[in-house]
Amino acid sequence: MSALERIARVPAAAIETANILLTTGDARIGGTPKDIVWTHRKTTLYRYRSSDRRHAVPVLLVFALINRPDIFDLRPGHSFAEFLLDEGFDLYLLDWGVPDDEDADTGLDDYVCDALPWAMREAMRSSGADDVSLLGWCIGGTLCAMHAGLVGPASPARNLVLLTTPVDTGEGLYTSWVGRDAFDVDFVADNWPAVPGRGIDFANKLMKPVTNFWTTNRRLAEGVLDGTADRAAHQAMAKWVADNPPFPARAYREWITAMYKENQLVRGRLRLRGARVELGRIEQNLLVVTAGADHIAPRSNTVPLLDLVASEDVTHFDRPGGHIGLMAGSRARKEIWPDLADWLRERSDA
Amino acid sequence: MADPNEREPSPTLEEQVRRLYGGAETRTARAMEQLVAGEAFGELLTRVTENVVAVTKLSSDVGDLVLRNLRVAGRSDITRLARQLNRTEDKLELLLQRVEELGDAIERRDAAGRDEAPASSGDERSEAGPGGNGTAAKPSSPRARTRKP
Chain A
32 MSALERIARV PAAAIETANI LLTTGDARIG GTPKDIVWTH RKTTLYRYRS SDRRHAVPVL
92 LVFALINRPD IFDLRPGHSF AEFLLDEGFD LYLLDWGVPD DEDADTGLDD YVCDALPWAM
152 REAMRSSGAD DVSLLGWCIG GTLCAMHAGL VGPASPARNL VLLTTPVDTG EGLYTSWVGR
212 DAFDVDFVAD NWPAVPGRGI DFANKLMKPV TNFWTTNRRL AEGVLDGTAD RAAHQAMAKW
272 VADNPPFPAR AYREWITAMY KENQLVRGRL RLRGARVELG RIEQNLLVVT AGADHIAPRS
332 NTVPLLDLVA SEDVTHFDRP GGHIGLMAGS RARKEIWPDL ADWLRERSDA
Chain B
1173 MADPNEREPS PTLEEQVRRL YGGAETRTAR AMEQLVAGEA FGELLTRVTE NVVAVTKLSS
1233 DVGDLVLRNL RVAGRSDITR LARQLNRTED KLELLLQRVE ELGDAIERRD AAGRDEAPAS
1293 SGDERSEAGP GGNGTAAKPS SPRARTRKP
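If you read the protein sequences in the order shown, they are chains A and B.
Count the first sequence with this note's numbering and you get residues 32 to 381, in order.
Count the second sequence with this note's numbering and you get residues 1173 to 1321, in order.
One thing to keep in mind: the hints can contain errors.
[Claimed, not checked] Derived contacts from chain B toward chain A, CB cut-off under 7 Å, selection only:
1. Leu-1217
2. Ala-1254
3. Ile-1278
Hints were generated in silico from the structure; no laboratory data involved.
Yeah, the Cβ is synthetic: ideal placement off N, Cα and C, and Gly gets one too.
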């Protein structure tokens, strides 16, 4: 395409780009058919429909608290959930829902000691299995690790898969922001019963301001101009990124204090309902996945876990990619999903 | 085989502009990342966050006060009702789990009786029960409470 042709295409491309941005909210994500198995407060346990369940141990997907779990099932043909179903897994999804002011009293203990084990219990009841594989991503991974560290071998979790999971937050940009004494987490939690997810997302984006606020949109416009833009892919991801549920105040206070101010989890000082969370009690088959370009849960925040657990079966995948791109990027389907499925398959038979 | 003396074609004007722009954007991105990693930016972010929290809290309180003086249910009233619902739902969940455990125990006992197995002790679970230390019970029978979304 000559320079003149490109210039002539600019107005049409600008309109098309604006259209993509303005209709992002209409994109359909999380569309793989699933049934509600159990609900409690805002939490919902889903089971994906499948007629081909070949593995005895069901997989329970657990996502973070600050985005929706639709990232596991972004769009047809690019859905991790769809992929695992095709691989013959009995698949469940734990959706924390969208907390509001009335959930201000929900703390980390409610997630780790109630919602998560109750969801595991219901998953096992409906599948008829005696144990379950937990696959946690980001904070969801940390909650799974806390559960395993709290309950130890008595947990019905046979396998533990932790994707870009913060465990040792001793260093990192996020720690330097919210871990500092000047950041008064009590002031925030006392005045906001539900800490707005938009605010947390804005802070996350500020870590790479040019990339997040400018480069993404510039690449989209350039792609439209060149005729290479993938409208469906961009809209699905953009819609998911913009959907940020609030963080319940007590959970936010506990998360920031325990993880970023005092780094309690890795020091063995975290207590939930009086019981100590000891990562050394984790005996499950463990797979830890880190992403080389992850700036939210950098490798250094996750890798210490490998030396702390008591598991005999420990695997570590260190792959290129970012915090989300690792699992939801265009190359994930070929580069990381098959490895995860292989790892789970070898450990999911009766 | 390529002629070693053959030179690569010189980039077009458009390619040169793109390369220059790409370089500038990359350098700007790095500079901004260094900026946000600085101590001063962290301090600034903290102060801005506190100000935003304070302003939204004040405006929310004023809005709620206006509504209450108009005898209209405000956000705090709805939140209070929703909290009561939450507490009721917690109790129902615990009750339901207890019922399911009892159902499982009865089924186990019946099954043991049918198989003419030695008498079961009734409840062999080692779990601490619902709402306890986070241990999930291992169910004896698959009985889903499944409904379509």
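Taking the hints in turn, this is what the structure says about them:
1. For Leu-1217/B, the suggested interface contact is upheld, since its CB lies about 6 Å from the closest CB of chain A, less than 7 Å.
2. The criterion of a C-beta within 7 Å of any C-beta in chain A is met by Ala-1254/B, whose closest approach is roughly 3 Å, and the hint holds.
3. For Ile-1278/B, the suggested interface contact is broken, since its CB lies about 15 Å from the closest CB of chain A, more than 7 Å.
In terms of the numbered hints stated before, the structure departs from hint 3 and from no other.
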